[in-house]
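Produce the complete structure using the sequences and hints provided.
Read top to bottom, the protein sequences are chains A and B. Quick note on numbering: this note's numbering labels position 24 of the first sequence as 24, and the sequence is numbered without any gaps. If you want this note's numbering, it's the position in the second sequence, counting the first as 1, plus 1000.
Hints were generated in silico from the structure; no laboratory data involved. Treat the hints with care, as some may be off.
[Unchecked claim] Computed cross-link-like contacts, BS3-like style, restricted to lysine-lysine with a CA-CA straight-line distance of at most 25 Å:
| hint | chain 1 | residue 1 | chain 2 | residue 2 |
| --- | --- | --- | --- | --- |
| 1 | B | Lys1016 | B | Lys1238 |
| 2 | B | Lys1073 | B | Lys1063 |
| 3 | B | Lys1187 | B | Lys1118 |
| 4 | B | Lys1250 | B | Lys1187 |
| 5 | A | Lys226 | B | Lys1071 |
| 6 | A | Lys226 | B | Lys1073 |
| 7 | A | Lys226 | B | Lys1065 |
| 8 | B | Lys1187 | B | Lys1065 |
The primary structure of each chain is shown beneath.
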Amino acid sequence: MLKPAPFISALLIFSGLSFLIAFSVGSYQLSVSQIWDSIFYPTDNIVRTIIWDLRAPRAYIAFVTGGLLSLAGLIMQVLLRNPLADPYILGVSSGASVAALSAMALGFSGAWISSSAFFGAFISILLVFGLSHRQGSWNPSRLLLTGVVIAAGWGAMINFILSISPDKPLRGMLFWLMGDINNITPDPVSFVVLIIGTIITLSIARHLNILSRGDLQATALGVSVKPLRISLFILASCLTAFAVIQAGSVGFIGLIVPHMLRLLIGSDHRILIPTSVLLGGSLLLISDTIARTIIAPQQLPVGVITAFIGVPFFLYLLNKNFDRNALK
Amino acid sequence: MSLLSTHNLDISISGKLVCQSLDTNFNSGEIWGVLGCNGVGKTTLLHTLCNLRDRYSGDIFIKEKNIIQMKRKEIAQTIGIQLQHTEDPFPTTVLETVITGRHPYISNWQWEDENDLKKATDSLNTVDLSNLSDRFISQLSGGERQRVSLATLITQDPEIFILDEPNSHLDLSHQINLLNHFTNYSKQNNRLLIMSLHDINLASRFCTHLLMLTGEGHFISGQLNDILNVDNLTETFKHPIIEVKNKDNKLFIPL
Chain A
1 MLKPAPFISA LLIFSGLSFL IAFSVGSYQL SVSQIWDSIF YPTDNIVRTI IWDLRAPRAY
61 IAFVTGGLLS LAGLIMQVLL RNPLADPYIL GVSSGASVAA LSAMALGFSG AWISSSAFFG
121 AFISILLVFG LSHRQGSWNP SRLLLTGVVI AAGWGAMINF ILSISPDKPL RGMLFWLMGD
181 INNITPDPVS FVVLIIGTII TLSIARHLNI LSRGDLQATA LGVSVKPLRI SLFILASCLT
241 AFAVIQAGSV GFIGLIVPHM LRLLIGSDHR ILIPTSVLLG GSLLLISDTI ARTIIAPQQL
301 PVGVITAFIG VPFFLYLLNK NFDRNALK
Chain B
1001 MSLLSTHNLD ISISGKLVCQ SLDTNFNSGE IWGVLGCNGV GKTTLLHTLC NLRDRYSGDI
1061 FIKEKNIIQM KRKEIAQTIG IQLQHTEDPF PTTVLETVIT GRHPYISNWQ WEDENDLKKA
1121 TDSLNTVDLS NLSDRFISQL SGGERQRVSL ATLITQDPEI FILDEPNSHL DLSHQINLLN
1181 HFTNYSKQNN RLLIMSLHDI NLASRFCTHL LMLTGEGHFI SGQLNDILNV DNLTETFKHP
1241 IIEVKNKDNK LFIPL
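Pasting the structure below:
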């Protein structure tokens, strides 16, 4: 069996590097020693402002959002026992989008948008939960169908709002829908949510290994399936909601990071959980660094970059027939 | 004290009776065969016995303790089942799958230790799969997957083994060898083995007791020698069956 420690350490270093890159790259390039100085010998100068007022908050949001999304994706895939599941598949982000876009159309901005997004996500979670739970049985396909159909309903509302909105807020709305980390003040709550979510998931990681083999098999091996499924649903939805209120619907991270890791290190969730958080965080951070620099001074929505990097890399891994034994 | 007993057990599925007032004591050291036609409810009965299904009336006791008062984990330490179907949506290796049998014995933050790993590799040896332990489940044949399920149950090592058609997909030699293993192991270690089978002659060769589900809630149960005869079998399988004597063995052949 894979020894997790070296792989997790490698990812920790990779995460550190991604922060370093995010701190140094931009219209004003900073060297490693400048970054070092500003962290350990803080002096009041322009470097400090660039790092601590501009790049660090944004890097923080990108990393936390990436971690939230890949953890949520990992949980959804087990919950729905479906490799195609991503954090948005049950309509959490679409519900958030409808509320956020409505707020934008009404001329609100800033914290109003995030709070309405959170409200929308919450409504959507309740709706899916209530409708799929009604008959008492909680099988994955029923949950999946309910979620997908509700997401489609929200999708129609999103299109409706986009069609009737005036031109002025339209660009902001589209960026929000594509996933964008811009002009947001970082809040510590999402980091706490990520840490708590990671710890909770880790504590039931072996249950997840068994749940993916089917509800009956899991029950036969001593897992109380129904409470577990309900907790996973709520947990994954909350993680997604916190990601969405920070950065809109950033696509792809939540689908692809867990799968990349499954191809690389197998299906043991005790290792998949911490590595998903780290890899998801660093990938989104790197993507965001690219998004704000590649056609500077113009900025791209980060969702565009995640797909541009993610698609070829994932296809490469998928077709390489990766030999996991090489990592042992 | 019976290891497993049912009191006045009524089970029905989709409005059809599987068994009515089933009062049976299953004791350690016994090998029970469950016989019956397709759809008569063998799987439903086996699932009910290990509390995978809660729609029944009557009581099920494990060592005099009502199963509904037991925790899932406690049940899983006492009773284990090899299911007809499991799912494998994600790439998992044979060894990773088989070691899940240790789940009921390990607490939340704990990892499998050397002892658990040894139990898993030993059971892979028993089912003849040790050379495939790093293979993905998706790369296995149907019979090999069946042996993975059986190995998971051997790794779980409960006091009560429940096998739901253990022979499906297995070749002749593995059918005999694995049934030999399960029956010998159960007898030597005073375990209880309950399995559903379609092959009457294997049942008569390996079982000490039979439970024949004859449909509409009726059943015939008891010691093998008392109830294994042409009349009962014909009633169970709704098909004429004859008995052929071969030296000391009785063989049953469908007409």
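Exercise. Taken at face value, is the distance from the CA of Lys1063(B) to the CA of Lys1073(B) at most 25 Å?
Worked result: Holds, because 16 Å separates the two Cα atoms, which is no more than 25 Å.
Exercise. Between Lys1187(B) and Lys1065(B), is the straight-line Cα distance small enough, at 25 Å or below?
Worked result: 23 Å, holds
For this session: Sort out whether Lys1073(B) lies within 25 Å of Lys226(A), counting only the CA atoms.
Result: 14 Å, holds
Exercise. Within a Cα-Cα threshold of 25 Å, do Lys1187(B) and Lys1118(B) meet the stated pairing?
Worked result: Given pair Lys1187(B), Lys1118(B) holds - Cα atoms ~23 Å apart, limit 25 Å.
Exercise. Between Lys226(A) and Lys1071(B), does the CA-CA distance stay at or below 25 Å?
Worked result: Holds - the C-alpha atoms of Lys1071(B) and Lys226(A) are around 14 Å apart, at most 25 Å.
Exercise. Is the straight-line distance between the alpha-carbon of Lys226(A) and that of Lys1065(B) 25 Å or less?
Worked result: 23 Å, holds
Exercise. Are the Cα positions of Lys1016(B) and Lys1238(B) separated by 25 Å at most?
Worked result: Answer holds: Lys1016(B) to Lys1238(B) is near 18 Å, not above 25 Å.
Exercise. Given the hinted pair Lys1250(B) and Lys1187(B), is their alpha-carbon gap at most 25 Å?
Worked result: This hinted pair holds, its Cα atoms lying about 23 Å apart.
The structure is consistent with each of the numbered hints, conforming to all of them.
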